[in-house]
Amino acid sequence: MNNTVPGDIRPDHGIIAGWVSEGASVLELGCGGGELLQLLSRRKHASVNGIEIDESYIFSCVARGLSVAHQDIDDGLSEYADGAFDFVIINQCLQELRRPHTALSEAVRVGRKVIVGFPNFAHYSARIQLAVQGRAPVTPALPYQWYDTPNLHFLSISDFVQYCAKNRLSIDRKVFLNNRGTIRWWPNLLAGSALFQISRNGRSLLK
Amino acid sequence: MQRTDRSTEIVETKYLTFAGPPGELVLESGERLGPVTLAYETYGKLDRDRSNAILVFHALSGDAHAAGYHEGDDRPGWWDNMIGPGKAFDTDKYFVICSNVIGGCQGSTGPSSENPRTGRPYGLDFPLISVRDMVDTQARLIDQLGIDKLLCVTGGSMGGMQALQWVVSYPERVRSAIAIATAARHSPQQIAFNEVGRQAVMADPNWNNGAYYGGTPPTRGLSVARMVGHITYMSDESMAEKFGRRFKDIQRGDKFEPDFEVEGYLQYRGDNFVRRFDANSYLYITKALDYFDLDNGKGLENVLKGIRTKFLVIAFKSDWLYPAYQSREIVRACKLGGVDATYCELNSSYGHDAFLLETAEQEYLVKHFIANVSENNGNVRT
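Taken in sequence, the protein lines are chains A and B.
According to the working numbering, the first sequence is numbered sequentially starting from 1.
According to the working numbering, the second sequence is numbered sequentially starting from 1.
Hint data in this document are derived by calculation from the structure and do not stem from the laboratory.
Where is the CB? At the ideal position from N, CA and C, for every residue including glycine.
It is possible that part of the hints are untrue.
[What the hints assert, rightly or not] Derived lysine-lysine pairs resembling DSBU-like cross-links, with alpha carbons at most 30 Å apart:
#1 B/K248 / B/K298
#2 A/K44 / B/K305
#3 B/K367 / A/K44
#4 B/K287 / B/K14
#5 B/K149 / B/K14
#6 B/K149 / B/K298
[Stated by the list, open to error] Here are the computed distance ranges between Cβ atoms for each label pair:
#7 B/G146 / A/S105: 31 to 39 Å
#8 A/D54 / B/D236: 36 to 44 Å
#9 A/D82 / B/G20: 35 to 43 Å
#10 A/D54 / B/N376: 19 to 27 Å
#11 B/D236 / A/W186: 55 to 63 Å
#12 A/D54 / B/G20: 38 to 46 Å
#13 B/P171 / A/S105: 18 to 26 Å
#14 A/A165 / B/P188: 45 to 53 Å
#15 A/A165 / B/D236: 46 to 54 Å
#16 A/G134 / B/D236: 42 to 50 Å
#17 A/S105 / B/P188: 33 to 41 Å
#18 B/S169 / A/E55: 31 to 39 Å
#19 A/D54 / B/Y15: 45 to 53 Å
#20 B/R140 / A/E55: 57 to 65 Å
Extracted from the complex, chain A is given alone in its bound form (with noise of 0.2 Å):
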C-alpha cells in the first residue's frame, strides 16, 4: 500500500492521529469514507472500527480494507460493551445526528476517551452574518444553504463547554481551528470549528 503524503492529511485528522495513542482500539461514529481511520491504522497502528450510515462511503471503507458497520448512530451502540474501545471519534457529524445527546452518551459509555470534533456555530463570520445581515450563516466550517444543510444541530464552542459540565465529562484535550491551522485566543469567536478529548472521569481542565 502507498504511504500518505503528509500534505494530504486534514488538520484535524492530524490532530486526532496525535492524540490516538499506538496500537489503540479506535471507533469512528459516521466514518465516512475511511480516510481517518486509515491514517490511524497505518500511522498508529490502532484496531480500527467505524460505523456509516451512507451507502456509497461503506464501498469506499471496504475498498479501504477497513471494518465498516452499515448502520444509523441515532439507533445506538448497543452492541458495545461498556469502555470496549480505548477511543471513540465523532468528528463533524455530531451537528447531523438527530439525537446527539445519545450519541455522545453512548460514546463516552463505550469509549473510554472520546474525540469529539465540530464545527463552531458561533464564529465571527456567522455571527455577522446572522445579526447584521440577517442571513442563516454560510461559513467554510458551515458551508450549507438553509434549504440543503444536513446539519440538524448548530452548537458553538462555549454550548459544548457547558454540555460537558452539565453532564459531568471532563475535557482533558482541546484544539480550535480555523483555515490557517490552530488557535488559542477567543476561540468561540474565532475558530470555525474545535477538536475536544473528553471521558466520563479523567482530569478536567474546567476548573
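Start from chain A and add chain B according to the hints.
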C-alpha cells in the same frame, strides 16, 4: 448473455463418495448415513500453499454448478456473474469450490438416492438432515481436496446459513465468511412459508408418503410450493416492474386460466422446477432450514465469541423474506462477541433474489473484502 466459446468456461460436475459402511456418517440427529456422495465443481487453480480456496454454498434449489458452462449448455451456472476470471470471486486468483448439499437431488445423496439396504430410493426412510450435516459433509470434501484452511466461505440465503455454520463448526479452518441475505435462524414467517410449501407437496395425492419414485411424482404440489417460494423471493416493487397488471399474450378464455403475466410467470417457474427438483428433497431441505438455529439458546454472541474469522454481512433493503434486521442481528452478535465484521445494507428493488441479480455493488464489496483478507495472510491479529 452471449456465450463465449472459451474452453476454460466448460466445467463439469465431479463426485466424491465417502462414509461407506461401516464408517457411516453420524448425523446431527444421531442417525447414520452412508455411503454419502457429494456433487461439486471447482473453478480456478489451488495455489501452491493451498491458501486461496473459496467454498461457495448454494441456496435452497441450487446445485453444484455455480459458474461456467456445461458442455452443450447455453446457460451458465447460477452465480456465474460473481464467479469467473476478473469477477468478484476471481478465478484467476482463487480456487473456487461449490458443493451440492446432502439431502439434495442434484448429484448428492438425498431421499431420491438408492438406499443400500433396500436397493430402492430412500423416500421417507432418508434421515432428517441439518445445516450442520451439510457442512460436515463439505468438510470431508475439503479434506479430500487437501485444503486445511479456506480463504473464504460464502453464500446467499441457505448458502449464507452454511457459511455461518462453517465458521461455528470449523472456526480454525475459515479465514473469512461472506454471509448474504441470510439469518442465524428462521423467523416464524420464514417457517410459515416453508410449511405452506411442504403442505402443498404433501397434499398432492401423487406424493404417496414420499414413495412416488418409479411412478408419477407430486408435480402439482411441488409446483405450487415453488410458486409460493417465488413470491417471497421477489418484492412488491420488482413484481410491479416486471409484470405490472399486464395480461399474457395468449389467452384461452377459460374462467380460471392464468391470464395475468404474473400468474403465467409463476406457473412457468413452478413447472420448470418440478423437472429438475425432487419433492422429498424439498421437504428435507426446507425442514433443515427451519430447524437451523445458530444461537441454540446460548446467545449468538457467545457462540461467536473468540472466533477470528473476518465477516462480511450483506443484506438487501427490499428483501422481506430474509429482512435486513436478521443480518444486523448477526453483525450485532459479532460486535458483542468481539468478532471482526463489516456490514452493508444494499439498495435493491429485487427482494431476496437480489443476491443473484443485483451484483454490481455486491461484486465490489466482495472483491475488495477478499482481496484484503488474502493480502493480510500472515498479518492476522492474534
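Hints, one by one, checked against the model:
A distance of roughly 52 Å separates the Cα atoms of B/K248 and B/K298; the hinted pair therefore is violated under the 30 Å criterion. Using a Cα cut-off of 30 Å, the hinted pair A/K44 and B/K305 holds, with the two alpha carbons roughly 26 Å apart. For the hint linking B/K367 to A/K44, the alpha-carbon distance of about 27 Å falls within 30 Å, and the restraint holds. Our distance criterion of 30 Å between C-alpha atoms is met by B/K287 and B/K14, whose separation comes to about 27 Å.
Of the pairs offered as hints, the one joining B/K149 and B/K14 holds, with about 21 Å between alpha carbons and a cut-off of 30 Å not exceeded. Distance check on the hinted pair: B/K149 and B/K298 sit about 27 Å apart at the alpha-carbon level, within 30 Å; holds. The hinted range of 31 to 39 Å is not satisfied by B/G146 and A/S105, whose Cβ atoms lie roughly 53 Å apart. At roughly 25 Å, the beta-carbon separation of A/D54 and B/D236 lies outside the given 36 to 44 Å, and the hint is violated.
Take A/D82 and B/G20: their Cβ atoms lie about 54 Å apart, and the range 35 to 43 Å is violated. Judged by the Cβ atoms, the range 19 to 27 Å given for A/D54 and B/N376 holds: they are separated by roughly 26 Å. At roughly 58 Å, the beta-carbon separation of B/D236 and A/W186 lies within the given 55 to 63 Å, and the hint holds. About 55 Å separates the C-beta atoms of A/D54 and B/G20, a value inconsistent with the hinted range of 38 to 46 Å.
Between B/P171 and A/S105 the beta carbon distance is about 35 Å. The supplied range of 18 to 26 Å is therefore violated. Checking the proposed 45 to 53 Å range against A/A165 and B/P188 shows it holds: the Cβ atoms sit about 50 Å from each other. A C-beta distance of roughly 51 Å is found between A/A165 and B/D236, which places it inside the suggested range of 46 to 54 Å. In this structure the hint that A/G134 and B/D236 lie 42 to 50 Å apart at CB holds, the actual value being about 48 Å.
Evaluation of the 33 to 41 Å hint for A/S105 and B/P188 yields a pass: the beta carbon distance comes to about 35 Å. One distance hint, 31 to 39 Å for the beta-carbon pair B/S169 and A/E55, holds here, with the actual separation near 32 Å. For the pair A/D54 and B/Y15, the supplied restraint of 45 to 53 Å holds, since their beta-carbon distance comes to about 47 Å. The hinted window of 57 to 65 Å between B/R140 and A/E55 is violated, with their beta carbons roughly 39 Å apart.
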